[in-house]
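There are 2 protein chains.
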Amino acid sequence: MKPSIPKGTRDFSPTEVANRTYIMNAIKTAFETYGFQPIETPSFENSDTLMGKYGEEGDRLIFKILNSGDYLSKADDTLIKEKDSLKLTSQISEKALRYDLTVPFARYVVQHQNEITFPFKRYQIQPVWRADRPQKGRFREFFQCDADVVGSKSLWQEVEFIQLYDTVFSKLGLQQTTIKINNRKILSGIAEVIGAQDKLIDFTVALDKLDKIGQEKVEAEMISKGITEEAIQKVQPLFSFTGSNLDKLESLKNMLQTSEEGLQGVQELRFVISSIAELGLQSANLEIDVTLARGLNYYTGAIFEVAAPKGVKMGSIGGGGRYDDLTGIFGMKDVSGVGISFGLDRIYLVLEELGLFKTVALPKPKVLFVNFGDAEGLYCMKAITQLRANNIKSELYPDNAKMKKQMTYANNREIEFVVIAGSNEMNNEEFTLKNMISGEQSNCSLQELIQKLK
Amino acid sequence: MKPSIPKGTRDFSPTEVANRTYIMNAIKTAFETYGFQPIETPSFENSDTLMGKYGEEGDRLIFKILNSGDYLSKADDTLIKEKDSLKLTSQISEKALRYDLTVPFARYVVQHQNEITFPFKRYQIQPVWRADRPQKGRFREFFQCDADVVGSKSLWQEVEFIQLYDTVFSKLGLQQTTIKINNRKILSGIAEVIGAQDKLIDFTVALDKLDKIGQEKVEAEMISKGITEEAIQKVQPLFSFTGSNLDKLESLKNMLQTSEEGLQGVQELRFVISSIAELGLQSANLEIDVTLARGLNYYTGAIFEVAAPKGVKMGSIGGGGRYDDLTGIFGMKDVSGVGISFGLDRIYLVLEELGLFKTVALPKPKVLFVNFGDAEGLYCMKAITQLRANNIKSELYPDNAKMKKQMTYANNREIEFVVIAGSNEMNNEEFTLKNMISGEQSNCSLQELIQKLK
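From first to last, the protein sequence lines stand for chains A and B.
This note's numbering applies: residue 1 is where the first sequence begins, and numbers increase by one.
This note's numbering applies: residue 1 is where the second sequence begins, and numbers increase by one.
Be a bit skeptical, because a hint or two may be false.
Chain copies aren't distinguished; within one or between two, either way the pair holds.
Said to hold, decoys possible - Mimicking BS3-like on lysine-lysine, the simulated pairs with C-alpha atoms at most 27 Å apart in a straight line are:
hint, residue 1, residue 2
1, Lys7, Lys53
2, Lys405, Lys310
3, Lys81, Lys153
4, Lys364, Lys28
5, Lys209, Lys382
6, Lys87, Lys74
7, Lys212, Lys310
8, Lys382, Lys153
9, Lys366, Lys454
10, Lys209, Lys74
Since the hints were made in silico from the structure, they are not lab data.
Computed from a predicted model, the values in this text were never measured in an experiment.
When you get a sec, could you build the whole thing from the sequences and use the hints?
Right, dumping it as structure tokens:
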């Protein structure tokens, strides 16, 4: 009979809300400092806005909302009789919960194109929902914090997004994150060199295991996937891909000489890398990673992914990239976009593991007034009204309960100060202020009380 | 082919988000100053948590989420064949979107009772969803901002909620709101006096028309509803219910002498009214309104409703009350609760109508750097990096576009300052700062730039 919540969802306690707000405010402040503007879109969209945009897997994971009223009345009798859930869905459900913030953003840009000044720098911090199997760091309701620019192909934006990651993670005290960067055009170049676009994922997946299983086993895996010995020879530099980012760029340039697109990718990457080298980063590392192939379906230029500091076991805590045709799905062609996302829930888990929430102020009163009855209560409420007008978080214990009970309440909520005001204090127009940590007590006037607690 | 969003939902532009955030921050700050702590609950709950809690009408307006996968496979064949939408719903949908914040809060309290320190003062600012017919000020997705206390019957809480309304509306510059207050026990007393509980709503609805249609027609309506002449005689004071709140209390006391419960209500109301008289309000009016009967099904003590300033046509912008058995629906008995809600979307419309958003800072950069190419861009990005480190919102125009285009962008976004830095400025290690409002231009070093824009 004990009530529960759906799996993959969470209640957030006051402490958890405070910690989450702390992260979100750091991200929000940085977004605005970088010139991004907030928008918000509805939690549910028309199904045809979302369906077909995330692949078959995505379509399955989108939460659909049942039509209101007699939803079966207009549905096809044959589908009903055959219990064809898949085909019936579009007939009994026309709305669906947001699956990410990118597609609703594209829809927003197209719908509001006449009100928008391009290039449009927007940010959006809202929950999304996925009917995924829950596990550590993966939930059915979670927040995304996205910043995107549409309407410009300038690589300064890639530079800026790297700085933005560095700014936010430095602000949160998260040192030594690694911002991995790749470029879709380099991946295309590698595909050209190994002789097959369709082997690219097999190739990067195998190469990614180099540290763990060694060159011999990686090559064996590649061969088993149908990549030729000759192709592997041509990309030998990737098996000893070390040194500075500039060294890596040099090595890529040599390797990809036969691919125009690959060389274009190297040039783009060089602009970003050398600009960041000039501008400097506060605490993050920037690292070229040619195995980074996330979002290969839609990214057309830069690809980003952020790894938590070494030693923390957690998937990526952020990612993004450039997509040359974001709004094409809604009929507005040739609008280039680039954006990044912060994974709030994973960042939370990382900060928690590293003990980085210590400085977060919990939303609790600074002072509790003990309640001795109606007359004393009114005397206290007059003082509390003044304290609150001075933005001092304060409250009266609501009931004239036993002193011990009231003090236990103050202790449980870790309230720093308690005010005791009985008939003596009322006669002298003063208050007894007790520091709950040191135990120290002193008498003071209302003005002194305000000064001490401010 | 132009994309759209579901009816009753809205996109929020950067300006709208800024205005909404302004209201939410005022409410949030006041909640915390009064000692309330934030919690958050999932957007969807198990259906059995919500269904049956809001009456038949409510059940109909709750948005249901379709089960994932082959949802029809386990459904009852007879219901499917008969196309019985109503009965099939619980078989193909086990989750539903939050309809308000009160029931999820009750569920939260029961589920987490062992972690909570009582009395528990919580606030919650989250969207809710209702499949209602959209109209002005009524949406299918809207935010509620609730503060509640559970675990104490103290009337100081009613006093505090009135102060809280006054604090928030004063902070928002919304003068002369009217906080209407009633008490369920007074309504019960009136029901006793008129001789029938089931005539109470007919009675208050008719009485509410007194100003508009006059005493004669109100009495005629009451008689047509089956209220006797004799009963109407007994409540004559309500037909000339004027004067101060204390006058009204005196009149109610005389009228309800035969009803123990009614007198209890008068006493409770007197405590609240006289405490507020002692403590004072900044800008709101507090007014006893015996026709106030909202939420009659669940309120057991005080009933609140806030009306916008006279002259603004808008339904209530807030409401609340006391419910003696909030958590009983989830098996935890005898926990009294009292709470209020702020109607964010309606408050928005009122502030907009009264022109009270003037002071809200829009999220836009303070300064735009004109882009003259890669070398100049890097020179500017170095300065921008310093400005941002000093929390100055700034950005580089991403492309080396024509000057006119870049200046138009600055004008369209109403950016106050523009920095121009070409080869001359680079050679002199300075910047040309232009005030876009006055047209004034001056040359300055990076340090001077930071000082001027800070």
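Against the structure, the hints:
1. Lys7 / Lys53: both (25 Å within a copy, 22 Å between copies)
2. Lys405 / Lys310: Neither way: Lys405 and Lys310 sit 47 Å apart in one copy and 45 Å across, limit 27 Å.
3. Lys81 / Lys153: neither (52 Å within a copy, 56 Å between copies)
4. Lys364 / Lys28: both (23 Å within a copy, 13 Å between copies)
5. Lys209 / Lys382: So Lys209 and Lys382 fail the 27 Å test inside a copy (68 Å) and across (38 Å) alike.
6. Lys87 / Lys74: Cα proximity of Lys87 and Lys74: in one copy and across copies (14 Å, 16 Å).
7. Lys212 / Lys310: For Lys212 and Lys310, only the intra-copy Cα distance (16 Å) is at most 27 Å; the inter-copy one is 73 Å.
8. Lys382 / Lys153: between (61 Å within a copy, 21 Å between copies)
9. Lys366 / Lys454: within (9 Å within a copy, 32 Å between copies)
10. Lys209 / Lys74: Answer is neither; intra-copy 54 Å and inter-copy 43 Å both fail.
Violated hints, listed in ascending order, are 2, 3, 5 and 10; each of the other numbered hints is respected by the structure.
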